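Visitor: Please work from the sequences and hints to get the whole structure.
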Amino acid sequence: MNSKKILATGIIFSITCAAFAGCGASADEVKAGQDQVVIYSNADDEAVTAMTNALNNNGFEGKYIFETFGTSELGGKLLAEGTSLEADLITMSTFYVQSAQEQNNMFLPLAFDVNTLETVPDFTAPITSQEGAIIVNTAMLKEHGLPVPVSLKDLADPVYSGFLAVTDVQASSTAWLLMQALVSEYGEEGAQQILHDIYVNAGDHIESSGSSPLKLCEAGEVAVGFGLRHQAVAAKAEGLPIDFVDPAEGNFSLTESVCVIDKGSKTNPASMEMARCIIENSRTELQEYYPNALYEGEKSDSQNKSAYPKTFSEPLTFELYSRHQEISENAKP
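Positions -21 to -1, 1 to 312 (mature numbering (1 follows the signal peptide of the UniProt record, and there is no 0)) are the ones given, in order, by the sequence shown.
No lab work stands behind these hints, which were simulated from the structure alone. This one's a predicted model, so the numbers in the text were calculated from it and none came from an experiment. All C-beta atoms, glycine included, are put in the ideal place defined by N, C-alpha and C. Any given hint might turn out to be false.
Said to hold, decoys possible - Capping the alpha-carbon separation at 27 Å, the derived lysine-lysine pairs in DSS-like fashion look like this:
#  : residue 1 : residue 2
1  : LYS242    : LYS284
2  : LYS311    : LYS215
3  : LYS194    : LYS121
4  : LYS278    : LYS311
5  : LYS289    : LYS278
6  : LYS121    : LYS215
7  : LYS289    : LYS132
8  : LYS284    : LYS194
9  : LYS311    : LYS194
10 : LYS311    : LYS132
11 : LYS121    : LYS132
Unchecked claim - Derived CB-CB ranges, DEER-like:
#  : residue 1 : residue 2 : range
12 : ALA227    : THR117    : 14 to 22 Å
13 : PRO88     : GLU200    : 43 to 51 Å
14 : PRO248    : GLU200    : 44 to 52 Å
Guide: Structural data, given as structure tokens:
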């Protein structure tokens, strides 16, 4: 995301689904006139819509303010402000909240069951798992006689000079999916050299927003990009001349989680109920865009499943993210 935006609940997002089960009683307990719950998020539009639909359809409409930020901006606020953060509830890249908890001890244990397939910290409940992929404009590839890239290393080929867009890991965690794949496959030195050549090919299109490479491909300004796989899947389904390639180095992923900030006696009790509501009522809609199963009883849509899912060999932490940011800075022309 390029900029933050405040969503007037119930105005920006219309209710398009039948009411979900669950959370009704909890919502009724939120007293009229009680302070609105402030939610900060780095989520993409699809996830924001799913979460606000869940809240609005289960009695929380008008009882919260939802504000979105870029990953680096919100991560910086978490680390710097801790429990002084204005928000009561956040959804954020899991690696950032784990580092923020270690530094600031700022999140409450969740007061509801979180039945995930993999063990997660007791203060987090994952909402999405996002994967990276190569994105191509099929019409432009054909028009300019460009080969379809099959790996991230291919993007370093000078044939793509002026036809490529990527994201800067300094601004967006989407680029970290590319970084993880390069470092995992080629080591830090090899990754830096390949990334240097990729940046040379991208030129002015080293973007700050994770969705920009896809938008540039859709607009016909570039032929190839790297971005979030689920967004390319959706663009292709809409009939646009967009396709996606699962890179040979692997489809690495990042999760985003919901957390409740510990404000002591000032903690808004509705924030925990809204966190529960998001987890219990948004996953069906979320899986339409983010197909990876996260909870017991969920299944991944085989049609949308990536070809080469991989996990980085080290735990994903803010410290590792910072190290990979340094590699990226050193790779810039």
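Visitor: Quick one: which hint numbers does this structure break? Sort them smallest to largest.
Guide: Hints 1, 2 and 4 not satisfied by this model.
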